Every structure is written in C-alpha cells, then in structure tokens.
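Protein chains in written order, with our numbering: chain L, 23 to 372; chain V, 780 to 1149.
Since the hints were made in silico from the structure, they are not lab data. Any given hint could turn out to be false.
As the list claims (entries may be wrong) - Restricting the straight-line Cα-Cα distance to at most 25 Å, the calculated cross-link-like pairs of lysine-lysine (DSS-like) are:
| id | chain 1 | residue 1 | chain 2 | residue 2 |
| --- | --- | --- | --- | --- |
| 1 | V | LYS1146 | L | LYS109 |
| 2 | L | LYS166 | V | LYS1116 |
| 3 | L | LYS313 | L | LYS289 |
| 4 | V | LYS857 | V | LYS875 |
| 5 | V | LYS793 | L | LYS173 |
A quick note: this is a predicted structure, and the numbers were derived from the prediction, not measured.
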Amino acid sequence: MSSPAINGFAPDSGAAPRPIAMAVENIVKRYGDFEAVKSVNFSVAEGEIFGLLGPNGAGKSTLIRMMTTLIPVTAGRAMVAGRDVSKDPDGVRRLIGVIPQALTSDPDLTVEENLSIYAKLYSVPRAQREKNITEVLAAVDLLKWRGAQTKTLSGGMRRRLEIARGLVHDPRIFFLDEPTTGLDPVSRIAVWEMLNNLKNTRNLTMLLTTHYMEEADKLCDRIAIVDHGNLVALGTPTELKNSVAGANVVEVKFDRESPEWAGRIEKLTGVTSVQAESAGFYRVITTSGSKTTMELVEMTAQLGETLSSLSVQNTTLDDVFIHYTGRQLRDEQVKPELASWAMLRREGGH
Amino acid sequence: MNRMMAIIEREMRKFFRSPVLMLMSMMLPLVQLVILGNAFGGKIVNARVGLVDYDHGPEAVKVEEDFAAVGATIRTFKTISYDNERQARVDVQSGKLDAAVIIPAQYSRRVEAGDAPDIGLVVDNSDQFLSSSLEAELQSIVDALNAPLIPAPVNNKIALDIVELYPYISYMKFLLPGLVCLAMYVSVMIGGGMLYIDDKARGVHEGYLVTPITGLELVLGMNIAGALKAILSGISLAVIGTLMAGMGSIFHPVQDLEMLAVIVVTSIAFNGMMFLMMVRVDDPLVPRAMFGVLNTLLFFPSGAIYPIAAFPPWLHVIAVADPFTYAVHGLQQVLIKGAGFVSIYQDLLFLAAFGVGSLMIATPLFKRTL
Chain L
23 MSSPAINGFA PDSGAAPRPI AMAVENIVKR YGDFEAVKSV NFSVAEGEIF GLLGPNGAGK
83 STLIRMMTTL IPVTAGRAMV AGRDVSKDPD GVRRLIGVIP QALTSDPDLT VEENLSIYAK
143 LYSVPRAQRE KNITEVLAAV DLLKWRGAQT KTLSGGMRRR LEIARGLVHD PRIFFLDEPT
203 TGLDPVSRIA VWEMLNNLKN TRNLTMLLTT HYMEEADKLC DRIAIVDHGN LVALGTPTEL
263 KNSVAGANVV EVKFDRESPE WAGRIEKLTG VTSVQAESAG FYRVITTSGS KTTMELVEMT
323 AQLGETLSSL SVQNTTLDDV FIHYTGRQLR DEQVKPELAS WAMLRREGGH
Chain V
780 MNRMMAIIER EMRKFFRSPV LMLMSMMLPL VQLVILGNAF GGKIVNARVG LVDYDHGPEA
840 VKVEEDFAAV GATIRTFKTI SYDNERQARV DVQSGKLDAA VIIPAQYSRR VEAGDAPDIG
900 LVVDNSDQFL SSSLEAELQS IVDALNAPLI PAPVNNKIAL DIVELYPYIS YMKFLLPGLV
960 CLAMYVSVMI GGGMLYIDDK ARGVHEGYLV TPITGLELVL GMNIAGALKA ILSGISLAVI
1020 GTLMAGMGSI FHPVQDLEML AVIVVTSIAF NGMMFLMMVR VDDPLVPRAM FGVLNTLLFF
1080 PSGAIYPIAA FPPWLHVIAV ADPFTYAVHG LQQVLIKGAG FVSIYQDLLF LAAFGVGSLM
1140 IATPLFKRTL
C-alpha cells in the first residue's frame, strides 16, 4: 500500500514532459512552535490542473497563500512562473490570478466596474482594458450582465464574476481556493465546464483546493493529498485510486451486532481492510469484490445470522481520501490571526 | 499611481452608491445641532414665582407692579400670589413653583425709614440654569428699586463699558463648528475605520494583496478616499448648518476658502489618526467599540461645547493634544468670527502635521502580507 509519489515530483502519467509552471521545494510554514506546512515538495506542469485535497486544517490554504505571496515562506522555496515568491513577489503577482474562497467583488459596483478596478490594479493599459473585460465576460458567460450591479447576481453568477476578475489581466497561472463551495450542483458543473474551457482556450495552468472529491476527479489532471501539513499522496486520479490496496469497497450491514464480525471479515479472501462504521455496519476494502461478497453471504448463513444490506462498488476518491487522511474529525486550533481573517466570510475557513 | 487611483475609485463609487453612509455621518451632528442648539440656546420664559406679601404697603405694591411688568413684557416669570410663606416653600420643594419671593411685614415702613429691609427669595437651585436666570432677573428688579429717583447731577461713578465684538451668538451658532468636526469624525469612523476592518474581514484586502499594488499605494489610496469622504461630509454639514443657524458665512468666497482649508486638513488629520489606530486591527468589533469612547475623549474636550479655559489641568492636556481642538478653533474663527488666515494658520499647521505624522507612523506598520 504505497502512494504513487510522496514528497517528490510526480510522474506525468506517460505524457510528454512539459515545462514546469510552478514548484515548491521543501517548503515550510511555521507559526511559533506550530508547523502548518512541513517540508512539502511538488511541481505543476504548464497547462495542468492541479488539485490540493485535504481535510480542514490540513495546510492547503497555507500552501496556496505562500504560493500567491499572501504569507511569507518560513523555509524552502516556491517558484511560480519561473520566479521565486520570496525574492520577486511583484513579478509573481503580475503573472498569477487568484480567486479567494470568499466572494469579495463589491456588491454595490457593477460587473464591469469590478473588473475595471482590478484591471487597473494590475496596470492593464487603458486600450487593452476594454478588450480584456469583454473577453473574460464572454468566457464566463456574463456579457449581458456587464452593467448589472453585482448584488443582483445569483451565487453562481457571482462566482463566475470572481473567476473573470482573476483573469482580467490575462494571467499565466490561476489559483482557485475552493471555487465551487456553496454552489448548487448545476452551477458547480457549469463552473467545471468553464474552467476546462479556460484551460484549453487560454493555456492556463491551474492550482485549486477543493473539498469535493467529484470535483477533483473530474477537473484535475493530478491531485495532491495534504494532511497535517504533509503531502501524503500525489498522482492522477486513476493512480491514486489504484494506490489504495483493494479494487472494490463492500459495505455490509448485519441485523445483529457482534464483536466478532470484524475479525471474521478480515479472514475472507481479498480483504485488505475493515472499518466499523456503526453498530453492525462495516466498510470492507477488498481486491476481489465478487469473492468477498460470496464468502460474506455464506459465512452469515452458516452462522445463522441475517444481512440487512450488502453493496459492492469500485474505489472512489472518497476512499482514497479516507485511506490517506483517516476518519477522525479535525478540531485543531488554527492560528488566531488567520482565524480572524476568516471572520465574516461566507464560507468557513480551512 | 494608476493602482492607487483604482483604490480611490472603488471607495468613492461605493460611497456614492450607498448614500446611507453620508446620511448617517451627518445625522448625529445634525440632530445635536437642532436639539442641543435649541435646548441650550433659549431664554427662560414663564417660570412660576410665588409672591407672599406680609406688608401690603405702598412699597410692596411697587414690587408687585415690577413683577407684573416682567410677566407682561419679557415673560421671564409670572407671579402667583400666596397667603403664607410656608405653603410657598412647600410648593417650591414640590416643583409647583420655581421660586418664591417673600415681602416681610413692615417692609414699606422700613424702606421709607431707610432701614434697608430684605426681600426673601426661596429658589429651587437643583436646576442651576433656571435658578441663576431667576436670581439675575430678580436682582435687576431690586437694583432698580434701589436706584435714586433723581440721579446725581455729576456722574462720578466708575462704570464698565462693554463692547461686544460680534452680534449675539446663539448657542446653535456656537455649536456648529464642533458639529462640522463631529460629522467628519463620524465619516472617518464609519467610512474609514469600520469599512477598512470589514473589508479586511470579508477578504477584500486579500484580493488587493495578490495584485502588484505596493503597500504605499494601498495606504495612500485608502487614506485619500477616506479623507475625501470626510471632506464631503464636512462641507455638507457646514452648508446645511450655517443655513439652519442663520449664518451668512457661506456667502463669502474668502471665508469659504478658509473653511475648505480647515475641513481638508481636519479630514487628513482625522483619517490619519483613524488609520494609525486601525492599521493592525482585524476584529470588526473593535472600531465599533471604540466609536463612543473616542467620541467622548476627542469631541468633548475640544472646546466645541464648553470653553477649554474652564477645564482642570489634566483635561487641558488632552485638549492640547486633541486634533478636534484645532479643527473646532479653526472653524470657530472662520464661521463665527469671520477671521482671516492669520487666525487659523496655526490650526492648519498642527492638523496637517498631525495627519502626515500619523500616516508616516502607520505606513510601516501596514502589513503587505496577511
């Protein structure tokens, strides 16, 4: 049971080698005695969509904030678009677009005014500004809402406006912190399609954090799983799924709970792990779903017991996530000043 | 420069899209101008004074006639006749009367004999303002009674010849300069301090920090925008206030320029002070909690309501360091006295130095990262 790459540079799934758009080398972030990020390494190729997955407090936002120059790096190095974030932060800022987790466009301003102000902050020349605004509004399908006040837009439209705002200066690299949190499923899928289109039409490199496994699965070329400040797994979605020893997940619920169930299940053919979910309910990872299922049914009959439910499914990213990060709730404290920044934001911090 | 202008543009667009902010920043000073200006600026009328006459002689009748004249003309008080002193005292204590005058028995006889009789005055001094007014009015009646019927042929007494430099200044007019400053303070507090911290908490600043804007551009952009909002509030209240108080200052272009100069440097000073206090604050509750404390600490010792000369030494120290003091003094000079630049240049210098100094301290404290 080994991850495809841990703390190293991941294979590119057989694709032709591409130039590196960004890389972190032994990057560390410390707050006093607390180490939020512990010597993490990875690189992202040009044109790639790279996902950072991890539970709350895992360190993914800290990582993205170091890479976008928002917080200083304690040790190690982060290179973005060929520039060192510590030595040339302004150079990095000119080449990146950042979409924060919160919706921060001004509700009192119109869609166009919001974009215009950010174009000016990025020193986009006046002649180019109008063209860029039109292009990004077309890309996020908000052209006809150009003159609308932002407060009149729906949540999905506001998220698209945030994406447009991050693109108005035509960046090479795009950072998105939980871009679809709080959106309904239809809006979420619309944002995925939009990001895929942007990647293809603008040759953008993207780094995003997400809580949604489906989002990471459908959107990302490669995924890094971060936990307790460490990078615990890195690879393509397929590689990560294959990295979990067991091709299938069997979920079984017995009518009667017995302390012996877990031990008996572990002895069945192909079983690699057994997790007790609740009284009489077990989640079994196995290399052979069909054999394990048959033996489970036979064992139950021989013992004179009965099953309430039984299901078999392929390994998903959810399983991978749980495999690498465990199931315990994360109630760790965060640094007070970081917590205060998260106050009043629509979504919770992480 | 372009990036700094973008910050100012954003702030000003927001400001004009939410007129509530401007209205709220003017509401408190305007309400104070109307309520305090009228409450403290008026004269006492129709106070109730009980009159107990134990004499009923010709001199006592003279006193009663003088009292009746006051009631019929300037109406400071009206007299109500009482039979006995005891009841009059009880009524003063219970609030039915504001004062009672007792003319003793044998009063007329003693006046005619030159025996200097006393007229008793029982006054409810729990209200200092009312009791002082009544005492002054009654003293003037007594002085008139004492005046000789035929004046001396040669006036050899020493007299105080009072020359008032300015026409009668109502309390509303006196209050106006302080309230113009208060409008700027409220604007800076709401439009500067609170919005700054709220923007930080909402993540708006995070959006700025990932752009190539420099720390200095950000600081200047936010402060210039904050000062512009305060200037607009100050001008609006000065114009509305002078019209309400019946002052003609705004129709004199030179005074307008002087007033604008005081308002501009005051806005810079207030905004610089606010930015210095908020530069490292993240909690949105802090500026809200500070609002009332700062208001009391800065507005009341400034001479806007009470004269600084009456302050104890420790409060005088606060007044000297308080930018409100110089702003109020400058506006008093311009709006009330119509004085020239000579009278306000020291205020302008102090306020400009205070604002620039605050910004120079705050700028290095501003963090370009989270």
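_Unsatisfied constraints (hint numbers, rising)_ = Hint 2 is the one this structure does not satisfy, whereas the remaining hints hold.
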